[in-house]
Every structure is written in C-alpha cells, then in structure tokens.
Amino acid sequence: MFRWLIVVFLALVLINGFTPWLQKLGFGKLPGDFRFKVFGREFFIPLTTTIILSLVAAAIAKFL
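The letter at position 46 of the sequence shown is residue 45 when you use numbering that gives the first Met the number 0, and the numbering goes up by one with no holes.
Everything labelled a hint here was simulated from the structure, so no lab data went into it. One or more of the hints may lead you astray.
Unchecked claim - Estimated spans, in silico, between C-beta atoms of each pair:
1) Thr-47 - Trp-3: 34 to 44 Å
2) Trp-3 - Lys-36: 26 to 36 Å
3) Asp-32 - Ala-10: 17 to 27 Å
4) Phe-38 - Leu-63: 17 to 27 Å
5) Arg-2 - Phe-33: 28 to 38 Å
6) Phe-62 - Phe-33: 28 to 38 Å
Every residue, glycine too, gets a C-beta built ideally from N, C-alpha and C.
From just these sequences and the hints, can you work out the full model?
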C-alpha cells in the first residue's frame, strides 16, 4: 500500500512539473477538458488530456 502512495505522489509531482510545457503543446484545451467556475473558484477536469497521456504512457511502457 505504501509503495502505491509513493508512486501516485511521484506521478502527481511529475504531472504538475510538466503542466506548463503540456499547455504550450495544447493539452488542457482539448475537447472534453472541462473548466468551470463555482462560487468564485475555478475547477479543471482534464478528461481527454488524461486519456491521451495514459495511452502515450502505456505505449512507452510496452516498448520498454
């Protein structure tokens, strides 16, 4: 269980670090990425971006 927490934490740190670079490439603005405001707070749900990045990660893992 502890290993999975470490893996998830490291994945979130990597994604957070790559977010500005990915936004320059157009990720986060794809159809299916939802951005909305509720009570003055902005929420972002990147569904399409998550699916595409998961497919890319799976392809890389398959070739390694």
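Enumerate the violated hints, using their earlier numbering and listing them in ascending order. The structure conflicts with hints 1, 4, although it agrees with all the remaining ones.
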